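Protein chains: 2
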Amino acid sequence: MRQLATLALLPLILAAAPPKKMTPTDAVNAAPASAWRTIPAEDLLVMTLDGGGRVVIQLAPGFAPVHVANIRKFANANYWQGAAVYRVQDNYVAQWGINEAKRALSAGAVAKPPAEYTRPARGLAVTPLGSPDPYARNVGFANGWPVALYKDGSASLTHCYGTVGVGRDMHPDTGTGGELYAAIGHGPRQLDRNIAIVGRVISGIENLSALPRGSETMGFYKEGSVAKAINGIALASTMPAAERSSFQYLDTASPAFARYLAIRKNRDDDFYRVAAGGADLCNVPVPVRPTPVSQ
Amino acid sequence: MRQLATLALLPLILAAAPPKKMTPTDAVNAAPASAWRTIPAEDLLVMTLDGGGRVVIQLAPGFAPVHVANIRKFANANYWQGAAVYRVQDNYVAQWGINEAKRALSAGAVAKPPAEYTRPARGLAVTPLGSPDPYARNVGFANGWPVALYKDGSASLTHCYGTVGVGRDMHPDTGTGGELYAAIGHGPRQLDRNIAIVGRVISGIENLSALPRGSETMGFYKEGSVAKAINGIALASTMPAAERSSFQYLDTASPAFARYLAIRKNRDDDFYRVAAGGADLCNVPVPVRPTPVSQ
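Here the protein sequences line up with chains A and B, keeping their order.
For the first sequence, this note's numbering gives the first residue as 42, with consecutive numbering after it.
For the second sequence, this note's numbering gives the first residue as 42, with consecutive numbering after it.
Excised from the complex, chain A in its bound form (with noise of 0.2 Å):
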């Protein structure tokens, strides 16, 4: 079959084979074991589907500390029970939790959380994107995260492709954090700065994105029935170890993840014929993989 975008299958050339040219993938596989920072387990947020699938999902207290508050609470009180995906709209997003009105909240948990929306740039060590942003005066990565920097002095967390946020209804509601939705298409940047962004998956996001879409007007599930029951919302730092996930991610800062940045927006691999020269941030996205075992 072709291969879209493949180095493999070309033939093997014994003698004039020039040195092969890196890959995003070939960039990440070479970062030193100092450039990954493993994520704190209590910022590891496990969700478990029916029939087994595991979606993790990284918390962001640096930019929505009141919302990734209850939603520990939340967790730890076990208020999901009987959660559900009750939503999938394509090319947009995914949306699981509980019905707010219908569960009281959990105790310590605030009802009226403040807009989370945005957070000063001041205090983020930003590494550019270096291409412009149709969104933001400026965008680039910091602790590991995409952000978007604005001409008021705020920064924001962006909507790429699995970023969770905070279902909300009309203003001044910013939502709980018990009804939460992953984007499951291309960026919805205009939310950014509008709702409230807690994290994003950085596992399993195929346990969403592949669900049957909603029938109804914006991909709700008909009245009675959901595209999938969950079993357990936990975080990490309260399971038992040998069900624990860990993960890392690449240090933005890192001399590792620049020449990443720079493969991806040059990319020059045997496949490609014209590098772009510059890249949208949220075709840059951060690579986290699996806490190696001797670490």
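Bear in mind the hints are in silico, worked out from the structure with no lab data behind them.
Some hints here could point you the wrong way.
Copies of the same chain are indistinguishable here, so a pair counts whether it falls within one copy or spans any two.
As the list claims (entries may be wrong) - Think about it this way: if two alpha-carbon atoms lie no more than 30 Å apart in a straight line, the pair counts; the simulated BS3-like pairs of lysine-lysine are:
#	residue 1	residue 2
1	K62	K153
2	K143	K153
3	K62	K192
4	K192	K61
5	K61	K263
6	K269	K153
7	K263	K62
8	K269	K143
9	K61	K153
10	K143	K114
11	K269	K114
12	K263	K153
13	K153	K114
Please read these numbers as outputs of a predicted model, since none were measured by experiment.
Given chain A, work out where chain B should sit, using these hints.
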């Protein structure tokens, strides 16, 4: 359930309600009949999947005429007998067709088409997007298609959600059109100018995007298994009238499209707190609708 980005369920305030602000959907619905262009039936490729799901692709003969001519010949000669969707890679592509190495070319088809990756920009009347782009000097819309314009005077179609391209091997191979893919994640714009784009999915993309992901490298299915068998691929122009699909796109040079574009760049309906002031090309999908029965 909380509704992300919805206008519904607002309490009806009889006295002081300000005029409702337009959503992109409102703008499309307000477009006059004169702003819609019917797609010629010979430009519609209708793929029927096992189980009945239908995927309709609008072909782009203005950008890849030789590949599109091949595709029409393949459809008419039943070249794709036994074809299948054999690759589904999350956040990238679904790919289908027949192994070109194992199937005799249809009569009149071109075995080695030219590299129809770009065309001259001259001759294209482009409505500019009006936002910066990381991949091209300028981007916009021409004859209903998203296009990119480059410094060297060339133009290309762009890889957005639903874009259909031609699977190929390494240079100088360009693929015959016998193996095709559709983008099912964040638009992989780095492929622009590196591969022949032959069209876009205008209906039924969810029949590809919600397929289970392949377990092998790059989302390929295991040898001997496929994501989905394909029951038939035909041009609408050759189908019985009763089974034929007809679609229209919104003229991208029309005032109605200009209004839609302005709203896409500045969402200010009730859900939004901050209008972006710009948009990514792939976040402005050209509106398409079934041709109204009255026309």
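These are the hints, each one checked on the structure:
For the identical chains of this complex, K62 and K153 are inter-copy neighbours only, at 26 Å across copies versus 52 Å inside a copy, given an alpha-carbon limit of 30 Å. In this assembly of identical chains, the alpha carbons of K143 and K153 lie at most 30 Å apart only when taken from the same copy (16 Å versus 62 Å across copies). Taking the closest pair of Cα atoms, K62 and K192 come within 30 Å of each other only across two copies (25 Å); inside a single copy the shortest separation is 38 Å, beyond that limit. For the identical chains of this complex, K192 and K61 are inter-copy neighbours only, at 29 Å across copies versus 42 Å inside a copy, given an alpha-carbon limit of 30 Å.
Taking identical chains as interchangeable, the C-alpha atoms of K61 and K263 lie at most 30 Å apart only when they sit on different chains, with a minimum of 27 Å there against 52 Å within one chain. In the homo-oligomer, the alpha carbons of K269 and K153 lie at most 30 Å apart inside one protomer (28 Å), although the nearest pairing across protomers, at 46 Å, exceeds that limit. In this assembly of identical chains, K263 and K62 lie within 30 Å of each other by CA distance solely across copies; the values are 28 Å between and 50 Å within a copy. With identical chains, the CA atoms of K269 and K143 are at most 30 Å apart within one copy only, with a shortest distance of 19 Å there and 40 Å across copies.
Taking identical chains as interchangeable, the C-alpha atoms of K61 and K153 lie at most 30 Å apart only when they sit on different chains, with a minimum of 26 Å there against 55 Å within one chain. In this homomeric assembly, K143 and K114 come within 30 Å of each other (Cα to Cα) only inside a single copy, at 17 Å, whereas the closest approach across copies is 58 Å. For the identical chains of this complex, K269 and K114 are intra-copy neighbours only, at 23 Å inside a copy versus 42 Å across copies, given an alpha-carbon limit of 30 Å. In this assembly of identical chains, the alpha carbons of K263 and K153 lie at most 30 Å apart only when taken from the same copy (29 Å versus 49 Å across copies).
In the homo-oligomer, the alpha carbons of K153 and K114 lie at most 30 Å apart inside one protomer (15 Å), although the nearest pairing across protomers, at 61 Å, exceeds that limit.
The structure is consistent with each of the numbered hints, conforming to all of them.
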